[in-house]
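Student: So the sequence shown is residues 1 to 217, counted in the working numbering.
Treat the hints as calculated values from the structure; they're not laboratory data. Beta carbons: idealized from backbone N, C-alpha and C, even for Gly. There may be inaccurate statements among the hints.
Said to hold, decoys possible - Per label pair, the in silico range of CB-to-CB distance:
{"no.": "1", "residue 1": "F110", "residue 2": "I177", "range": "35 to 43 Å"}
{"no.": "2", "residue 1": "L167", "residue 2": "K113", "range": "40 to 48 Å"}
{"no.": "3", "residue 1": "P39", "residue 2": "D152", "range": "17 to 25 Å"}
{"no.": "4", "residue 1": "I40", "residue 2": "D152", "range": "23 to 31 Å"}
{"no.": "5", "residue 1": "S111", "residue 2": "V88", "range": "35 to 43 Å"}
{"no.": "6", "residue 1": "V34", "residue 2": "D152", "range": "16 to 24 Å"}
{"no.": "7", "residue 1": "R64", "residue 2": "D24", "range": "31 to 39 Å"}
{"no.": "8", "residue 1": "F200", "residue 2": "K73", "range": "21 to 29 Å"}
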Amino acid sequence: MRKIFFVLAVIGFGVLFTRAQTIDTDDNQSWNDVQITVPITKEFDFTLTGTFRFGKNITRLNDRRIAVGFLYKPNKSWSFQPFYWNIVARNVSGIFLTEHRLNFRATYRFSFKRTGLSHRSWIERRLRQPRNSWRYRPSLTFEKDIKKIIPDAKFFVSEEIFYDSILKRFSRNRFSIGINKTLTKNLQLDVFYLRQNDGFSRPGDLNVIGTAWRIRL
Numbered sequence: 001m002r003k004i005f006f007v008l009a010v011i012g013f014g015v016l017f018t019r020a021q022t023i024d025t026d027d028n029q030s031w032n033d034v035q036i037t038v039p040i041t042k043e044f045d046f047t048l049t050g051t052f053r054f055g056k057n058i059t060r061l062n063d064r065r066i067a068v069g070f071l072y073k074p075n076k077s078w079s080f081q082p083f084y085w086n087i088v089a090r091n092v093s094g095i096f097l098t099e100h101r102l103n104f105r106a107t108y109r110f111s112f113k114r115t116g117l118s119h120r121s122w123i124e125r126r127l128r129q130p131r132n133s134w135r136y137r138p139s140l141t142f143e144k145d146i147k148k149i150i151p152d153a154k155f156f157v158s159e160e161i162f163y164d165s166i167l168k169r170f171s172r173n174r175f176s177i178g179i180n181k182t183l184t185k186n187l188q189l190d191v192f193y194l195r196q197n198d199g200f201s202r203p204g205d206l207n208v209i210g211t212a213w214r215i216r217l
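Put together the whole structure using the sequences plus the hints.
Tutor: Shown next, in the form of structure tokens:
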């Protein structure tokens, strides 16, 4: 497992520090999530997620996020998740502003032996100053069981694109690659590298090293 994590770190940090960086458009960041899931019934879960994102070459806190919602799983293939997101983030002037987001995600997952393919449709309503908007975020994720290499682990690759109602076009894409490791019955860890391309946000082109801790009570 250490070898795989080391390779991911080398790839990520190699990209971070070997390419020339433009101050206004590029940044190297670290995104860190902790998600707590509380089962309510066989089909319903309550979810609580906290996020800290560090930017400016991972030297300062860029934003913190808290999400509260529910996850409905009628069967093994489909899942539906409405949730609320409270975000406090720096703008281009370095001032922290608050944003509220109303979100709905629908995911279909197809599994075959040791592999999985899932499509997620995500709609979010953004309530913020100076103008409200909405975005559509479809994504496709491929998963591969690598238990022969790392016990209780999966390799994943994901691609996500963003449609923005203000710009009236697809304005951003995110590609990520990483490892999901089951540590205990109630705890999983994702370690990943993510590349974001966005010609409209400042900064919009990001190299990200991230972690996501998933706790199921």
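Student: Could you check the structure against the hints above and give me the numbers of any it violates, in ascending order?
Tutor: Per hint list: 1, 7 and 8 violated.
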